[in-house]
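Visitor: Start from the sequences and build out the full structure, keeping to the hints where you can.
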Amino acid sequence: MKKVLTILLAVMLLAVGVASAETLKLASHNAVIEGNAYRVRYEQDIQDAAAAASEYGYDITYASFVSNWDAATETQQIQNSINEGYDIILVNPVAATGLDPVIEKAQDAGIVYINCDCEYLSEDVEILNICTDQYYLGYKTATYAGEVLGEGAKVVMINAIEGNAANTFRQNGFDKGIEEQGLEVVGYYNHDWDNTLCQQIMTEILNSGLEFDGVLVSQGAEAVLAAYDAAGAELPKFIGFGDTGEYMQRMLEINAEEEVLPYIVVSNPPGVGASALNFGINQIMGKTLKDDVYENGNELYHSIYLPSKIWYTYENQEDYREMAESMAAGDAISYWLTIDEVAEQYFN
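For the sequence shown, the residue numbers in mature numbering (1 follows the signal peptide of the UniProt record, and there is no 0) are -21 to -1, 1 to 327.
To be clear, the hints were calculated from the coordinates, so they are not data collected in a lab.
A couple of the hints might just be wrong.
Straight line, CA to CA, 25 Å or less: simulated BS3-like cross-link-like pairs of lysine-lysine [claimed, not checked]:
hint	residue 1	residue 2
1	K119	K269
2	K269	K288
3	K133	K119
4	K266	K4
For clarity, every value in this text was computed on a predicted model and none was experimentally measured.
Guide: Next up, the structure:
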């Protein structure tokens, strides 16, 4: 049986023009995984994309390394991956700078190195940053909040991690939307992409007696709702954004008969790491990036922003009900670009 399978694999590889499977070693360097639903799915999507690469003649072995938000640990782990001869290194950078020396070592060793999800801000190394358009996520949420609440409405703003590049760009989007809509922010907080902390912060806000109309949150909306449930507090006039099964299912429940709580779902797909892997595979295939892949202003850091594909509100929630109800509570909306999609859109 094993011999038959080997022959079948060889026939499949010949059909796509590959004489034999090329073995590649993939290292994924992540800031955190345990307790973070987004990061769990991020790693799973990378593994799924690696498995799909077998159709193109690549046998990819995968290893994951977690720094737990420690920049020095991440640097050492990347150096270890270089020493161990990995072919592709995907990095979710803890800090926006400081990795230049190990990036240069990886490139000198012929390793395909890509920063993904969080942008790495250095003009001195020529790498790819493959990121979701974080600015859009914040801007879309704040703009819709303004449309719902009206000019002069008061909101609390719960950000993610101060100083993190993804959070910075997202917050820039929130701030622009807030300014344009004439919203008043009566409290700024940080939940560090930690739902336990997010619920704690929301509980403290509710207990403080602070008056506000809506809650703007940089994901973690399900944790905000959990605080309301635990406190038995009257729901706000707006909440957004989130993209997990728990959040979407709770909003369907709250708004089952009529619009009780205006909200917005915006996708920040964990699959951005899988998309980044497929950029790397195209590079290994010898393809070159198109001249116009970088949006104006992104050339300095070689950043490609992938658009968020899904957003919805109460007005069109029925179009997304099946998706929302089928998801596990802790899972997030995810998707990624295939090898062929990346090739068509970004490579010559």
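Visitor: Is it true that the CA of K133 sits at most 25 Å from the CA of K119?
Guide: The hint holds at about 18 Å.
Visitor: Does K119 pair with K269 here, judged by a C-alpha cut-off of 25 Å?
Guide: Answer violated: K119 to K269 is near 29 Å, above 25 Å.
Visitor: Given the proposed pairing of K269 with K288, does the C-alpha separation stay at or below 25 Å?
Guide: 22 Å, holds
Visitor: Assess, step by step, whether the Cα of K266 is no farther than 25 Å from the Cα of K4, and give holds or violated.
Guide: 19 Å, holds
In the structure shown, a violation is registered for the earlier hint numbered 1 alone.
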